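Take a look at the letters that make up each chain.
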Amino acid sequence: MGEFIEKVVSSFEIGNLQNVKEVNTYILKIGKWNLTLNVTTLVMTWITMIILIVLAYIARKKIEKYPSKLQALVEMIISGMDDLTKETLGVVARKYFPLITTLLFFVLISNWLGCIPTLKSPTQDLNTTLGLGLMVFVIVQASAIWHKGIIEYVKGFFQPYIIAPLMFPLNVVGEIAKVISHSFRLFGNILGGSLIILVLSELIRYFILPIGLYAFFGFFSGTIQAFVFSILALVYIAIARG
Amino acid sequence: MISVNFTLIMQVINFLILMGILYKLLYKPVLDFLDKRAKDTKEQIQATENAHIKANNNVEEAKKALLESKKESMVIRERAKQVALEEKNEIINQAKEEAQNIIKETKITIEREVSKAKNELKEEIGLLSINIAEKIINKSLEQSEHQQLIDEYIKNVENLH
Numbered sequence: 001m002g003e004f005i006e007k008v009v010s011s012f013e014i015g016n017l018q019n020v021k022e023v024n025t026y027i028l029k030i031g032k033w034n035l036t037l038n039v040t041t042l043v044m045t046w047i048t049m050i051i052l053i054v055l056a057y058i059a060r061k062k063i064e065k066y067p068s069k070l071q072a073l074v075e076m077i078i079s080g081m082d083d084l085t086k087e088t089l090g091v092v093a094r095k096y097f098p099l100i101t102t103l104l105f106f107v108l109i110s111n112w113l114g115c116i117p118t119l120k121s122p123t124q125d126l127n128t129t130l131g132l133g134l135m136v137f138v139i140v141q142a143s144a145i146w147h148k149g150i151i152e153y154v155k156g157f158f159q160p161y162i163i164a165p166l167m168f169p170l171n172v173v174g175e176i177a178k179v180i181s182h183s184f185r186l187f188g189n190i191l192g193g194s195l196i197i198l199v200l201s202e203l204i205r206y207f208i209l210p211i212g213l214y215a216f217f218g219f220f221s222g223t224i225q226a227f228v229f230s231i232l233a234l235v236y237i238a239i240a241r242g
Numbered sequence: 001m002i003s004v005n006f007t008l009i010m011q012v013i014n015f016l017i018l019m020g021i022l023y024k025l026l027y028k029p030v031l032d033f034l035d036k037r038a039k040d041t042k043e044q045i046q047a048t049e050n051a052h053i054k055a056n057n058n059v060e061e062a063k064k065a066l067l068e069s070k071k072e073s074m075v076i077r078e079r080a081k082q083v084a085l086e087e088k089n090e091i092i093n094q095a096k097e098e099a100q101n102i103i104k105e106t107k108i109t110i111e112r113e114v115s116k117a118k119n120e121l122k123e124e125i126g127l128l129s130i131n132i133a134e135k136i137i138n139k140s141l142e143q144s145e146h147q148q149l150i151d152e153y154i155k156n157v158e159n160l161h
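Same order as they appear, the protein sequences are chains A and B. Heads up: the first sequence begins at 1 in my numbering, then just goes up one per residue. Heads up: the second sequence begins at 1 in my numbering, then just goes up one per residue.
Read the hints as simulated data drawn from the structure, not as lab findings. Here the structure is a predicted model, which is why all the values come from computation and not from measurement. Hints may contain errors.
Away from chain A, derived, C-beta distances all over 10 Å, residues of chain B [claimed, not checked]:
1) Ile53
2) Lys63
3) Val75
4) Ala80
5) Glu86
6) Ser115
7) Ile137
8) His146
9) Ile150
10) Tyr153
Residues from chain B that keep clear of chain A, each with C-beta distances beyond 10 Å, as calculated [what the hints assert, rightly or not]:
11) Lys39
12) Lys64
13) Glu68
14) Glu90
15) Arg112
16) Ser129
17) Ile130
18) Lys155
Under the rule of at most 20 Å between Cα atoms (straight-line distance), these lysine to aspartate or glutamate pairs were calculated in the EDC-like manner [as the list claims (entries may be wrong)]:
19) Lys116/B to Glu158/B
20) Lys118/B to Glu158/B
21) Lys39/B to Glu75/A
22) Lys65/A to Asp40/B
23) Lys36/B to Glu75/A
24) Lys42/B to Glu64/A
25) Lys36/B to Asp83/A
26) Lys24/B to Glu64/A
27) Lys61/A to Asp35/B
28) Lys62/A to Asp35/B
29) Lys28/B to Glu75/A
30) Lys135/B to Glu124/B
31) Lys88/B to Glu72/B
32) Lys36/B to Glu64/A
33) Lys135/B to Glu152/B
Ideal Cβ positions, reconstructed from N, Cα and C, are used throughout, including at glycine.
All chains should be built: construct the whole structure from the sequences, respecting the hints.
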């Protein structure tokens, strides 16, 4: 446990190219299993979670009949996401609303955290994006089976039936490709952005903090990517349900 | 730099925990609040619409009542006019009748007076005739005296009228 805490502390050291190459890992031993954990990623995820929970608590506490500015903002975001899911999924929208909205908030705050020097966005780690992508994939497939039934779901992989033997592997690859594109798009964009910032910062020896780059890759690109990630999850679910 | 390990599972677990907490802490209360407010607003709009419809109905009813009362007042006025006209005609007729009665009575009175006068005249003439006859019989009259008698007679008759 002490080693884990040391790793946590070391994850906050000033970032440079060396830190990007070397991943701060911790080996968790459970029985005969040696489970590798990326400490920085986990710590940053927990920070993201704490930020979101605190914001949610503050927003929840301020809910009144006559809304304040904060409440109006929260209402606008929540009702906007509610409308978006309703337009895409119809009557079952509320079942998927927490997933889509949490994806947006989590990825958004994760991406924004990358703007703060010495902090690393959890979405810079493939484990985060692939984990979320796989989770969405499982939910999409489960949703399709639940909505269409197992027979119709399997039949869907053979469409169009004229060239069914050829279509089945193509459709399977298509589904797997969704996970890869979904995960790697976010991972690539965020890691790429942070690498550009680090390279440029290294080149100018941190003499001038590249604020414009942080603003673009962190806030602008981060916001776009968070939105794209959650909307893609929503669209995949809608397509799977037919 | 790119390695997939147990962090992936941990991240999914972290995400699911976060989703659960946010659902309990934020989504459910805010969505319930928004739904309630939307429902209340809908009810208020419905109530306002109902009140508007009711008000419109009341206005329509009032207009109808006004129209009916106008009609009624017109009928009453017409009836009053008719009654007044009838009364006027009756009064005129009565007046005419009374006037005719008065004329009739006057005529009767006049006729009576005339006949009375005539009778009186006749009596006077009779008496005068007798007088004249007496005078003629009693004394022989000269032509001038005769003429005088006749003139007197005529004069008397004129005086009677």
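_Non-interface label on Ile137/B, tested against every C-beta of chain A at 10 Å_ = holds (144 Å)
*Quickly compare the C-alpha distance for Lys88/B and Glu72/B to 20 Å and report which way the hint goes.*
violated (24 Å)
*Val75/B clear of chain A by more than 10 Å, beta carbon to beta carbon?*
holds (57 Å)
*Does the alpha-carbon distance linking Lys135/B and Glu124/B stay inside the 20 Å limit?*
holds (16 Å)
*Once the closest CB in chain A is found, is it more than 10 Å from Lys155/B?*
holds (128 Å)
*Is the straight-line distance between the alpha-carbon of Lys24/B and that of Glu64/A 20 Å or less?*
holds (18 Å)
*Is the Cβ of Glu68/B farther than 10 Å from every Cβ of chain A?*
holds (47 Å)
*asked:* Can you confirm whether the C-alpha distance between Lys39/B and Glu75/A stays at or below 20 Å?
replied: Given that 20 Å is the threshold and the Cα spacing comes to 16 Å, the pair holds.
_Please verify that the nearest CB of chain A lies beyond 10 Å from Glu86/B's CB._
holds (73 Å)
_20 Å limit on alpha-carbon distance, applied to hinted pair Lys36/B and Asp83/A_ = At roughly 16 Å apart (the allowed maximum being 20 Å), Asp83/A and Lys36/B satisfy the hint.
*With 10 Å as the threshold, tell me whether Lys39/B passes as away from chain A on beta-carbon distances.*
Correct as stated: the minimum Cβ-Cβ distance to chain A is 14 Å, above 10 Å.
*Cβ separation check - Ile53/B to all of chain A, threshold 10 Å*: The assertion about Ile53/B holds, with a minimum of 28 Å to chain A.
Consistency with the previously given hints fails for number 31 only.
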